[in-house]
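J.: Here is what each chain is made of, one letter per residue.
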Amino acid sequence: MSRLEILKTYKIYIGGQFPRTESGRYYPLKDKNGKLLANVCLSSRKDFRNAVVAARGAFGGWSGRAAFNRSQILYRIAEMLESRKAQFIAELQQQGSTAKAAEEEVNQSIDRLVYYAGWCDKYIQLYSTVNPVASSHFNFSVPEPTGVVAIIAPEDSALLGLVSVVAPCISGGNTCVVLASESKPLCSVSFAEVLNSSDVTGGVVNILTGTSKELHSHFSSHMDVNAIVYCRDNKDEIKKIQQNASLNVKRAFIYHKNWNSAEVENPYMILDLQEIKTTWHPIENIGAAKSSY
Amino acid sequence: MTKKENPKLQFNTSWEYAPAPESTDHIRLKEKYDLFIDGKFVKPAKGKYFATINPATEQVLAMVAEADTSDVDKAVKAARKAYENVWKKMPPRERGKYIYRIARMIQERAREFAVIETMDGGKPIRESRDVDVPLAANHFFYYAGWADKLEYAFPNRNPQPIGVAGQIIPWNFPLLMAAWKIAPALAAGNTVVLKPAETTPLTALKLAEIIQESGLPDGVVNIITGAGATGAAIVNHPGVDKIAFTGSTAVGKIIINAVAGTNKKTTMELGGKAANIIFEDAPIDQAVEGVINGIFFNQGHVCCAGSRLFIQENIADKVIQKLKDRLETLIIGDPLDKNTDIGAINSKEQLATINKYIKIGINEGAEIYQSSCNLPKKGFWCKPTLFINVAQSSRIVQEEIFGPVLTIQTFRTIEEVIEKANNIPYGLSAGVWTDKGSKIFNLTTKLRAGVVWANTYNKFDPVSPFGGYKESGYGREGGIHGLMPYLNL
Amino acid sequence: MNKYIELIDFSKTPTVDQVGVEERVARLNSRSIKKESKVYALKMALNMIDLTTLEGKDTEGKLKQLCYKAAHLHDAYPGLPSVAAVCVYPTMVKTAKEALKGTNIKVASVSTAFPAGQAPREVKILDTKYAVENGADEIDMVISRGEFLKGNYNFVFDEICAIKEVCGNARLKVIFETGELSTLDNVRRASDIAMYAGADFIKTSTGKISPAATPTVTVVMLEAIRDFYYATGKMVGMKPAGGISTAKAAIQNLVMVRETLGEAWLTNEWFRFGASSLANDLLMQIMKEATGVYQSKDYFSID
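Residue numbers (the working numbering), protein chains in the order written: chain A, 431 to 723; chain B, 1145 to 1633; chain C, 3 to 305.
Any given hint could be a false lead.
As the list claims (entries may be wrong) - List of simulated lysine-lysine pairs, PhoX-like, C-alpha gap at most 20 Å: (1) A:Lys687 - B:Lys1462; (2) B:Lys1397 - A:Lys669; (3) B:Lys1462 - C:Lys14; (4) B:Lys1409 - A:Lys665.
Worth flagging that the hints you see were computed from the coordinates, not collected in a lab.
Since the structure is predicted, the reported quantities are computational estimates derived from the model, not experimental observations.
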């Protein structure tokens, strides 16, 4: 008799832990033949709230890390993903990809992580300025992370889309709560496992599964969320999100991007989730160029 | 050495400064101002006009047209036509030369602008002359030079204008805010429909005259006047691609709501409640001066005003004594007098708001201290006010007052003051006073605010980006970063 | 008893931000003083002058003429005040004292090996004693800038105390020669040292070094005086000297005093200008206000 396979329980990822949804709800995920793949957590508003608490708690530490260190951690995520490539290819295939497409998607995801790993300690150099003000002051501007970002990840690009939107967010020092693709949630949960073994502090990335229909309003209305990124195309949801963003002047970004293309590989995506801070300080002027006090 | 009890300085001196009013002889104001649309001054569709008054005398300065939706529509269409047919196609270098020309013409007529700004808004002539008008001209001059260099600002992009920008500006820096809005928009290749605040429309209309004289193609800049309804008509007009707003957080939120679901881009410069922090090792006298400048500049009608003062406990008594004495030397009165430090409150409504908060402060049990100055009989005035012994939970500490009212809290440790400084929904600006460099860099990193002034306060420059975190808004004005809100990258 | 000794650590004197002081000065200088307010200020400034001649070639004859001018600034226009004092070298004190007999103009004498101050303490004490014995009402001493810059603040403090002791009833002005102190932090520190050591006045400069009495230095010293007053209740006078030659600059100084220290200091008991050519410019401005026409130097005596 052949050995009975152990099925994986797909749970959500909050604060470095893998709890089940507090609501106890699930939705069945089936393959194209109607076979049950998993019972996926149908995350609730309270799961989201808990995830925001975790993301806020992690923000100070993550944003305060040396940029070089963040760079190494992102690279480490890529390493971990590479080492579990087969698993992700299999999951993508379960969710309907061809073998070739699945492999391509995983490869691109790994490369994208490496790409953004490289930006961690460089984008600040691009977007910082020393501003030659007319008065006797030293004036400089630097980008700083916006804070806690709520992300509703792309629906179709299950792994690559998720990685492409999370990587610029965390490479810039933000922490996030991500809602995974509803129809293809498996590899996002597995990606959480990758994160959990990659030196990413718990709470930096929190991943929920469930429906945008139920959660988009909470994602966009939470007063302790600083920005929201929405990667789907439901017009009603977009409008609701933009309206809710006004509650605390949340930065709202609606992305319609081709996640397979190089279009999503650029530091401007990091800059979207940055605030520019300008500092002034007087410059004393004593010496030969101006001899009086 | 024996210490005399409570030595008191006497600033009520036998040597008084004689009035030194700026001349208004050369100021020519029309009785009636129309809307500036498509390069011409045109009457409003409904023929309605409203009065703009001098808040220091309550006298009517001029009647100003009230634009309704059809006027707004006309302006937006003019802007669209100018965008598609002229401005977008113009070689960037030529675009820049028009903006340079506007800068120069403001400089030439600087004194006239300063006097009108002061008459219409109530701010001291010293400020409109030395701050508002020169900065406005400089802003045009700075952005003019960007027009033909945009591709260097954004590597690996092909920056393109957005289209028609609807711009709504507040009453606290009428001309300067117009410059902050128009200059980068034009440099980036957009056309503009701008609405100044209803209490301070005159310098924007004077700017329209300059724009007309400069030969800027018709419709590139349209300036229309009116109150909230006019602003709403701009926000809701489908032909507008971009809304740039400076004003209160409450109105900002309404605008964000209104454009939800459309493709309009927005930038928001909203309210603030800045912490100004003095450490024991600060250059104390300069810090005191910075606090005064931080809260009483422009009667405190400044979104980045340093309205929450935090003093390290061991120097609090000394600093408060100095602040009280400094209050006595502030001259409150005729805004046109060159010696006036604090002018008139911009409007009756704003004065009522400020007085409401002063009452709240007193009811909350805070210790109030006001200058002993006399206030003029006519006009809208408020004495410079300190509230001592306030708590973080006091409403006067939490809410933006937008007037010459300073709350004073003490703190013991750096952790405590960082937490309290950030413990507010706003994040526009902050001030830090210490002689220790490493402390400054720690603070500027930890404070969640778009501008941090270290050992200085309320400094502005066209090259320096300005804008907020959190509920203070998003997008930057000034510097290279100030181009981004007007470009598709 | 509410009596206590305050020990001052002069290495911890408050710091000064130069740019901030310059902004403060610019703001004070923007005060527009016109009409009757200007005339009041011009006359007040005249009355605050320490009319000064400190040259190697000074003689009795020259000094006597200067003293006459001190009391008779411009007799063609009645009602003008006299200057506050005549400031001379110790050897000239006796002549000045005699020439000014019958007026209330004080005689101030520089001392302590003015202007460099490079002499042993005994010499400085003798120098001061000589001036006081010859009738000087006021002593303008210089500090040892070398010792100060070496960080030897106690030396400077003790030296001022020693000179104060031999001054007797003469009021002591302490000159820092701020142009040699380099930073405003040092100006502030020197001010604190001098005031706690017993100076009646603090004074910017000898007039022999440039820069001398810049507005920034004056503001810093006035603020130091204010802090000393807050701390002790004791008034100390201020004397900017050197480089103030125009009525405009003088009025700007008075604005600084008015808005930093207030009414009590707006008298020649607590504020002086050390100047040689300022008086005539003040006179020209007074006459311009009186007659409405701009003046020529030919109508005012040069001494």
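J.: So which hints don't hold here, by number, going up?
T.: Per hint list: single violation, 1.
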